[in-house]
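Novice: Assemble the whole structure, with the sequences as input and the hints as a guide.
Line by line, the protein sequences are chains A and B. Position one of the first sequence corresponds to residue 1 (this note's numbering), numbered consecutively onward. Position one of the second sequence corresponds to residue 1 (this note's numbering), numbered consecutively onward.
Accuracy of the hints is not assured; some may be wrong.
What the hints assert, rightly or not - DSS-like cross-link-like pairs, simulated, lysine-lysine; straight-line CA separation at most 30 Å:
| hint | chain 1 | residue 1 | chain 2 | residue 2 |
| --- | --- | --- | --- | --- |
| 1 | A | 224 | A | 177 |
| 2 | B | 121 | A | 151 |
| 3 | B | 121 | A | 140 |
| 4 | B | 508 | A | 151 |
| 5 | B | 121 | B | 508 |
| 6 | A | 151 | A | 177 |
| 7 | A | 140 | A | 224 |
| 8 | A | 168 | A | 151 |
| 9 | A | 177 | B | 557 |
| 10 | A | 140 | A | 168 |
| 11 | A | 224 | A | 151 |
| 12 | A | 177 | A | 140 |
Unchecked claim - From chain A, some residues computed to sit far from chain B (all C-beta separations above 12 Å):
| hint | residue |
| --- | --- |
| 13 | 152 |
| 14 | 164 |
| 15 | 219 |
| 16 | 266 |
To be verified - Derived, one-sided and incomplete: chain B residues facing chain A with beta-carbon distance under 7 Å:
| hint | residue |
| --- | --- |
| 17 | 369 |
| 18 | 370 |
| 19 | 443 |
| 20 | 447 |
| 21 | 450 |
| 22 | 453 |
Rather than coming from a laboratory, the hints here were simulated on the basis of the structure. For each residue, glycine too, the CB sits at the ideal point set by N, CA and C.
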Amino acid sequence: MAHEPMEPSESDTDSATETLISPSPGSEALDAGRLATDAGTTEPVIQARDVSVYYNDDRALNSVTMDIPKNRVTAMVGPSGCGKSTFLRCINRMNDLIDAARVEGELLFEGKNVYDDDVDPVVLRRRIGMVFQAPNPFPKSIYDNVAYGPKIQGDTRNLDERVERALKGAALWDEVKDQLDSSGLDLSGGQQQRLCIARAIAVDPDVILMDEPASALDPVATSKIEDLIADLAEEYTVVIVTHNMQQAARISDKTAVFLTGGNLAEFDDTAKIFENPENQEVEDYITGKFG
Amino acid sequence: MATETPDVPADSEEQAWWGGESSVSRIRGVAFEYTTLFATLFGILMVAILLIYVSVDAIEPFTADPVWHLTFFGLFVVPSVTTWVVLGRVNPTARTVGSNTFGMILGGLFVAAGLVIVIVKTYGSIAWFAVSISVAIGAAAFYGYLQKRPRMNIIEQAAVFVALAILTVTGIPAIEPLGTPELLSPIWAFILVAPFIPLEWTALAVTLGPLAGAIAARRVGSDREIETPWTVVLGAVVAGSLAAGAIAATLGWNAEAAVVIFVTIAVPIGIYLDGVRTHDPSAIVGLVFPAVVIGGLVAAIVTTETLGFARPDAWLDWGFLTSVHSRTAEDAGIYPALVGSVLMILVIAASAFPVGVGAAIYLEEYAPNSGWLGQLVRLIKINIGNLAGVPSVVYGMLGLALIIRFIGLPLGTVIVGGFTIGLLILPIVIISAQEAIRAVPDSMRQASYGMGATRWQTTRNVVLPQAMPGILTGTILALGRAIGETAPLILIGAATTIYRPPGGIFSKFSAMPKQIHSWVVNYPQADFRYGVMAAGVVTLLVVLLGMNAAAIIIRNKYQRNQ
Ligand SMILES: Nc1ncnc2c1ncn2[C@@H]1O[C@H](COP(=O)(O)OP(=O)(O)OP(=O)(O)O)[C@@H](O)[C@H]1O
Ligand SMILES: [Mg+2]
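Specialist: Following this line, the structure appears as structure tokens:
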């Protein structure tokens with residue numbers, strides 16, 4: 001049940017080799033966008049193959065195929081109701097909790113279809129963590145919030161250290177180190193959201209899914225979260241849903257644009273999507289003419 | 001439709017935007033407000049009048065010397081109220097600390113009375129000691145086994161658990177209808193015949209002491225600002241309970257009661273005040289409030305007794321609480337029925353709480369929502385609501401048919417009464433627990449599942465802790481209803497009057513409402529119909545109000561924590 005923690009050095013060499021094998025098309029053509037030159041050059045960690053999702057008989061996601069690269073930030077944008085959250089929930093099988101939801105197609109995580117019968121969603125979610133739109137800390141102390149994951153996994157060695165590391169990783173440690181015993185609910189909204197991020201990384205997942213993590217926050221708190229996401233990408237694969245185009249452009253390496261009806265309209269390097277999209281509708285959406 | 005929008009008709013141009021038309025709707029609102037207020041007050045007023053009425057009958061305050069009243073007023077009421085008011089002006093936190101402490105004294109007395117009745121009087125401290133030690137052995141063995149084989153599956157765990165429970169607590173008893181002999185005595189039976197049995201109060205101190213000490217140590221440990229190590233707390237509590245018993249024994253007082261009171265009053269207050277001292281030392285002055293109240297009470301009693309002022313000739317006095325029924329009203333008491341009610345409440349709580357909460361957890365967290373199974377679940381949910389409305393006499397029939405005739409438990413015993421009334425309040429427990437569980441936001445569950453928690457871990461660590469105050473409040477209120485039930489007791493054959501308190505949950509019993517009913521119905525003398533009955537009603541109501549107060553305190557504490 002316990003998973004081996006990923007060796008960072010190993011993945012670095014991996015990505016280096018990958019660069020040689022499959023250079024990303026068109027990546028050198030652009031100069032705008034963060035990390036544009038090496039975006040999309042690592043091996044994919046999540047691969048969606050014709051994923052469709054139905055709620056009862058309504059289709060919310062229509063045959064989505066995409067490769068999400070390892071240790072990169074992948075953004076998902078699109079008009080409201082186009083299925084971004086639905087797709088995100090597919091990845092760690094949170095859709096299982098919705099009775100009406102039915103998933104078709106294949107969703108591979110490290111080459112294994114997560115919807116295979118022998119995949120335990122509980123184990124899957126330990127490797128693919130999630131941060132939600134509204135901050136949802138438990139009504140427990142800050143310490144207990146972060147320690148929750150390690151505790152339920154029955155791994156409480158060096159708990160104090162791990163809590164500290166997670167809080168540092170979420171750029172919250174300096175603000176809360178003197179009040180670890182006060183309730184997580186006593187923090188500000190932005191701090192609560194970073195606490196939720198700390199809680200998610202305390203179990204050392206491989207992938208972190210974020211569903212509009214900054215939409216309830218003010219610009220200062222938002223920029224803190226954005227800086228944090230950039231840092232997280234060094235160790236984790238981050239998939240983030242956002243409604244904020246500038247945000248997607250600022251923080252992501254790859255961008256997926258969903259359009260109404262659950263269709264994935266375009267998926268490419270962020271720079272390419274924002275500078276030179278192939279799909280006219282995508283261009284309209286990004287420039288604000290539509291959606 | 002009267003609205004408060006500023007669109008004034010053209011012909012009333014003088015009318016300002018800030019007044020006018022909307023006053024009609026405001027009058028309606030005010031009328032509605034006062035009607036609802038009256039409705040609320042009406043209910044409270046009726047209950048208050050009833051309470052005053054029976055209290056006057058039970059205590060007969062007018063039989064006392066007026067000077068007695070004056071003394072009490074001057075030495076007890078005036079100083080208490082003055083302290084309360086002055087403290088509130090000077091230091092409100094201190095007053096809260098003072099009233100909390102006083103409340104803890106009252107609550108502690110309540111719990112102490114329950115413990116004395118159940119442990120000391122009914123089962124005996126030695127039996128309690130033997131069972132406690134044997135449960136501790138079982139728990140330690142189970143824990144040790146878990147440590148040794150951390151990865152055993154749930155079936156093996158359950159098997160080990162059951163085996164240990166049989167070994168330590170139940171044994172394999174003789175089943176009389178089948179004529180099987182007793183195959184295995186539980187460990188506690190051997191402890192009982194051991195040659196080194198301790199004194200009664202020592203037996204209590206070495207069992208209740210560590211129990212209370214462990215709880216206290218946990219409390220202290222969870223507060224990082226208090227630096228006292230938990231071992232010191234545990235040691236202090238154990239040593240304190242031994243000391244309390246020893247001192248009482250040498251002074252010739254009731255040493256068992258001393259141990260119980262130390263554990264239920266001194267320990268909680270000590271922990272509470274330690275916390276206050278750490279967080280807000282100035283609030284300690286609040287202790288003058290309980291000191292003045294208790295001091296005033298003692299002073300008033302001593303004064304009136306020494307000066308010989310006649311006190312009220314109350315029906316409700318210590319003698320009433322501690323003696324058995326008698327044919328002469330002056331000697332009649334409620335003790336056996338009180339013990340019966342306490343034991344019955346324990347059986348009810350022990351049966352209805354786990355079953356009810358379990359059912360609520362299943363219905364809210366596990367049961368399928370869709371498909372034909374989902375339909376079935378929905379049907380069950382609706383019908384639990386209906387069950388809550390079934391008259392109690394029907395539950396009495398059910399108890400008679402199911403528990404006595406079918407299962408074969410003996411007529412009129414505590415356990416039968418407890419199970420029957422447990423069934424009666426089960427729907428209420430389920431519904432309130434369901435409500436409390438449903439009130440836990442879904443985002444909490446999602447957060448937990450999203451971190452790879454299983455359903456059980458989510459329920460155990462996230463849902464239940466948040467729902468528990470609501471569950472407890474609902475259960476305590478349901479128990480309050482249970483303690484007043486009479487009809488099912490008549491059907492399951494509870495005695496009208498018994499002259500000896502039940503010796504355990506398998507003994508015949510009577511409960512307070514049954515005894516009160518019998519005083520009214522079977523004794524035509526006015527003294528029984530008014531005095532003794534009123535004293536019984538007030539006793540019952542005090543127990544009930546105590547339980548409701550506990551429910552309110554739990555709810556308030558929960559709201560403060562949110
Ligand atoms: N639990 C559910 N039950 C039924 N239908 C749902 C459920 N969740 C989502 N849907 C439907 O699926 C479609 C996609 O929803 P989804 O939440 O994935 O959109 P979204 O892109 O995340 O939108 P937003 O940007 O507003 O969050 C919508 O039409 C929605 O009505
Ligand atoms: Mg969404």
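Novice: Taking 7 Å as the limit, does the beta-carbon of residue 369(B) come near enough to a beta-carbon in chain A?
Specialist: Holds, because the Cβ-Cβ distance from residue 369(B) to chain A comes to roughly 5 Å (cut-off 7 Å).
Novice: Under 7 Å is the threshold here; is the Cβ of residue 447(B) close enough to any Cβ of chain A for the hint to stand?
Specialist: It holds, given that the least Cβ distance between residue 447(B) and chain A is near 5 Å, below 7 Å.
Novice: May I ask you to check that residue 266(A) keeps its beta-carbon over 12 Å from the closest beta-carbon of chain B?
Specialist: At about 28 Å from chain B, residue 266(A) clears the 12 Å cut-off, so the statement holds.
Novice: Does residue 140(A) pair with residue 168(A) here, judged by a C-alpha cut-off of 30 Å?
Specialist: Roughly 19 Å separates the two Cα atoms, so the pair holds.
Novice: Between residue 151(A) and residue 177(A), does the CA-CA distance stay at or below 30 Å?
Specialist: With a Cα-Cα distance of about 20 Å, the restraint between residue 151(A) and residue 177(A) holds, given a limit of 30 Å.
Novice: Holds or violated: are the alpha carbons of residue 224(A) and residue 177(A) at most 30 Å from each other?
Specialist: 18 Å, holds
Novice: When you check the alpha-carbon spacing of residue 177(A) and residue 140(A), does it fall within 30 Å?
Specialist: 16 Å, holds
Novice: Taking 30 Å as the top limit, are the C-alpha atoms of residue 121(B) and residue 508(B) close enough?
Specialist: At roughly 16 Å apart (the allowed maximum being 30 Å), residue 508(B) and residue 121(B) satisfy the hint.
Novice: Quick one: work out the minimum CB distance from residue 152(A) to chain B and report holds if it exceeds 12 Å, violated otherwise.
Specialist: 5 Å, violated
Novice: Interface hint check: residue 450(B), Cβ to nearest Cβ on chain A, cutoff 7 Å. Holds or violated?
Specialist: 4 Å, holds
Novice: Are the Cα positions of residue 121(B) and residue 140(A) separated by 30 Å at most?
Specialist: Violated, at about 41 Å.
Novice: Does the interface hint hold: is residue 443(B) within less than 7 Å of chain A, judged Cβ to Cβ?
Specialist: Constraint on residue 443(B) satisfied, holds at 4 Å.
In summary, the numbered hints that this structure violates are 2, 3, 4 and 13.
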